[in-house]
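Peer 1: Okay, here's what each chain looks like letter by letter:
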Amino acid sequence: MLEISHISKTFHPGTADAKTALDDVSLSVKKGDFITIIGANGAGKSTLFNAVAGSFFTDSGSILLDGEDITLMPEYKRARFIGRLFQDPMRGSAPNMTIEENLALAAGSGAWLTTVSKKEKEIFRQKLALLDMGLEDRMRQPVGLLSGGQRQALTLMMATINPPKLLLLDEHTAALDPTAAEKVLELTKKTVEENGLTCLMVTHNMQSALELGNRTVMMNAGKIIFDTSGDERAKLGVGELLEKFKEAAGKALDNDRMLLS
Amino acid sequence: MSFEAILGLGQTAAELGLISALTVLALFVSYSMLNVCDLSADGCFTLGGAVGAVVAISGHPYLSIFAAMAAGMLSGFITAFMQTKLGIDSLLAGIIVNTALYSVNIAIMGSLSKGGSGASMLNMNKTETVFTKVKELFAGGPLGKYNILIVAFIAVTLAVVFISLFMKTRLGLAIRATGDNADMVRSSSINPKIMTVIGLCVSNSLTALSGCLLAQSQKSVSIDIGTGMVTVALASLLIGGAFIGKHKKIPLRAIGVVLGAIIFRLVYTVALRFHMPAYMLKLISSVIVVIAIAAPYIKKKYPEFARRISHKFSKKAEDGQNA
Chain G
1 MLEISHISKT
11 FHPGTADAKT
21 ALDDVSLSVK
31 KGDFITIIGA
41 NGAGKSTLFN
51 AVAGSFFTDS
61 GSILLDGEDI
71 TLMPEYKRAR
81 FIGRLFQDPM
91 RGSAPNMTIE
101 ENLALAAGSG
111 AWLTTVSKKE
121 KEIFRQKLAL
131 LDMGLEDRMR
141 QPVGLLSGGQ
151 RQALTLMMAT
161 INPPKLLLLD
171 EHTAALDPTA
181 AEKVLELTKK
191 TVEENGLTCL
201 MVTHNMQSAL
211 ELGNRTVMMN
221 AGKIIFDTSG
231 DERAKLGVGE
241 LLEKFKEAAG
251 KALDNDRMLL
261 S
Chain E
1 MSFEAILGLG
11 QTAAELGLIS
21 ALTVLALFVS
31 YSMLNVCDLS
41 ADGCFTLGGA
51 VGAVVAISGH
61 PYLSIFAAMA
71 AGMLSGFITA
81 FMQTKLGIDS
91 LLAGIIVNTA
101 LYSVNIAIMG
111 SLSKGGSGAS
121 MLNMNKTETV
131 FTKVKELFAG
141 GPLGKYNILI
151 VAFIAVTLAV
161 VFISLFMKTR
171 LGLAIRATGD
181 NADMVRSSSI
191 NPKIMTVIGL
201 CVSNSLTALS
211 GCLLAQSQKS
221 VSIDIGTGMV
231 TVALASLLIG
241 GAFIGKHKKI
251 PLRAIGVVLG
261 AIIFRLVYTV
271 ALRFHMPAYM
281 LKLISSVIVV
291 IAIAAPYIKK
301 KYPEFARRIS
311 HKFSKKAEDG
321 QNA
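Going down the list, the protein sequences come from chains G and E. Taking this note's numbering, the leading residue of the first sequence gets 1, the next gets one more, and so forth. Taking this note's numbering, the leading residue of the second sequence gets 1, the next gets one more, and so forth.
If we strip away everything but chain G, and leave its shape as in the complex, we get (with noise of 0.2 Å):
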């Protein structure tokens, strides 16, 4: 479904600030794999999915979605069959535009030139209702008035009002206060098991890492170092993954947020 094959990405290359934050990166991905994807500050969780997402263009490697090559394509055409969440949930929408006109652009159905239906206005209603949120009735409010858990539940239905091949969720309940974050992962959750979507989500949280999904994957300095599934996934506990990524890493780990998660 996903074939990452040998990526590279160097930043600044040539100067003092040179940064492989990818380093020869493969990952095959089956379609309705939902992979959870962990690994220090700085390990290439996020300049992975700016990969796969097409932010830029890896230096050398290949992208292929569904069998097709996707690694020249531009950001804004993968979008399509690419969905993104990402930490600030201010990413994802128009603040100035309401609430419908952020889901009709997102929908995209219709020619340039056509408005908004009624029809389509009552779908987005029921949809909206699904997140039990209350934001069907406030269709017609910017999206700059919603809290960051509404923004970024609004954003996922955005991201799956078409259903994508692959859906990115790069820490996106990081920035949301507990209660938020528990709803908006539970959505996702229910989105994804929905829509079988083919999922690959950023985490900090070592529990739900081995929680949620069917494979468990771990970076470091810009490769996988860990890449779990099936029974030995289910056998594991945090501490093992600790130790795992010790092991792996050859040093010990000096990241807080990791540990205390």
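Treat the hints as calculated values from the structure; they're not laboratory data. Just so it is clear, the structure is predicted and the values come from calculations on it, not from any experiment. Treat the hints with care, as some may be off.
[Claimed, not checked] Calculated lysine-lysine pairs in the BS3-like style (CA-CA distance at most 25 Å, straight line):
#1 E/249 x G/121
#2 E/85 x G/121
#3 E/248 x G/118
#4 G/118 x E/168
#5 G/121 x E/168
#6 E/246 x G/77
#7 E/168 x G/77
#8 E/249 x G/119
#9 G/127 x E/168
#10 E/246 x E/300
#11 E/85 x G/77
[Said to hold, decoys possible] A few chain E residues that face chain G, going by a derived Cβ cut-off under 8 Å, partial list only:
#12 170
#13 180
#14 259
Yeah, the Cβ is synthetic: ideal placement off N, Cα and C, and Gly gets one too.
Use these hints to put chain E onto chain G, whose structure you have.
Peer 2: Positioned in the frame of chain G, the structure of chain E alone reads:
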């Protein structure tokens, strides 16, 4: 001053206000919607006037309007192309196009004379234009002397209706979203660069239309007809915005923008009556723009400033007591 004279002044102000409202609507599209400060408006305004004049003098009064708009569209396309494909900063792209248009406009105005030398002025005293056509239509009737007002009103109405409808379409939504959050546009698999190009083409065609109508209503066009237009239009835009508010619906905001332009001209006309020299227009426009943009910022920063002052003084008072 007689009542009739006041009415006459009011009419002139309304005419100029309505014609310049088209440029203000253009900035409404580029500045308020697309969030691009398009500094090519000065040159584009003159371009509209020049092309409109040349085509009208050649004997095509109606075609002249569409020709001017097409020229404006092309100018907008070039500005947008520089921004989106050549990596030139949007402000700089506007300035470059503006500068280039100076030569282009002189060449266009000179295109009627033989020998290929440019001209920085064209006269349309005997030229047939939409204004003379409308005047003929109502000749002898009570509406005859309102020909400029009628044409300008129709043009502005069409522009407001067009913008109101256009901004509701998916294309319009995408243009607005490009100014609001380009990331979101990209993730909706729309190319924000193309939206910038389309937005600037629409905007600049309105600016050129504005220049074309002003030139034809004044029966002459000169190279400096558009000088300072960006600032004047921006002042009107901000005045209109102050009346209507930012979060209202687009049609209402567009009407507010037109009102802003008319109010600006009325105030200016009144100021002229009180012996303000005409050359002060641009200084006053600049001051209005500075106030309108700076006021919200200063309002936000004022508590900080007040806190700093009070902190300083309370500290001094304390020091005084301790001493």
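Peer 1: Of the hints stated earlier, which fail here?
Peer 2: Violated hints (numbers, rising): 2, 6 and 14; every other hint is consistent with the structure.
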